Amino acid sequence: MRAQEISASNGDSIDASQANITAPTDLTSDAAGNLTFAEMNRVRRVDAATKLITTIVGNGLPAADDATTPALRAKLSEPAYAVPAPDGNVYITK
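If you use numbering that gives the first Met the number 0, the sequence shown corresponds to residues 0 to 93, in order.
Heads up, none of these hints are tricks.
In silico SDA-like cross-links for lysine to any residue, where the CA-CA straight-line distance does not exceed 20 Å:
hint : residue 1 : residue 2
1    : K74       : I55
2    : K93       : Y80
3    : K74       : G10
4    : K50       : Q17
5    : K50       : S28
Here are the computed distance ranges between Cβ atoms for each label pair:
hint : residue 1 : residue 2 : range
6    : L71       : D25       : 15 to 23 Å
7    : P23       : A70       : 12 to 20 Å
8    : L51       : D25       : 17 to 25 Å
9    : T67       : D14       : 31 to 39 Å
10   : K74       : D25       : 15 to 23 Å
11   : L60       : A31       : 26 to 34 Å
What the hints contain is simulated information worked out from the structure, not anything from laboratory work.
Because the structure is a prediction, the values reported are computed rather than measured.
Positions of the beta carbon are idealized from the N, C-alpha and C atoms, including for glycine.
Using the sequences provided together with the hints, build the complete structure.
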């Protein structure tokens, strides 16, 4: 799979090979082979079976929200690592 690094995300639920990815800082995979990575104020996942990319945390805006904010509305400030856990959670650090 090949993706370009450019300055803006071009959406979700598209083929990962067509995705605009901005400054990825970490790339991990889970037991199913799904790829999870942090990039510019969001965390994204590439589904191993469908090859579709989706945002799983963050709305792309820099800041920090409290733990009660829904994942897709949350503001993240440049996450550095996004590690999927066996239970399906994703742990994010700066």
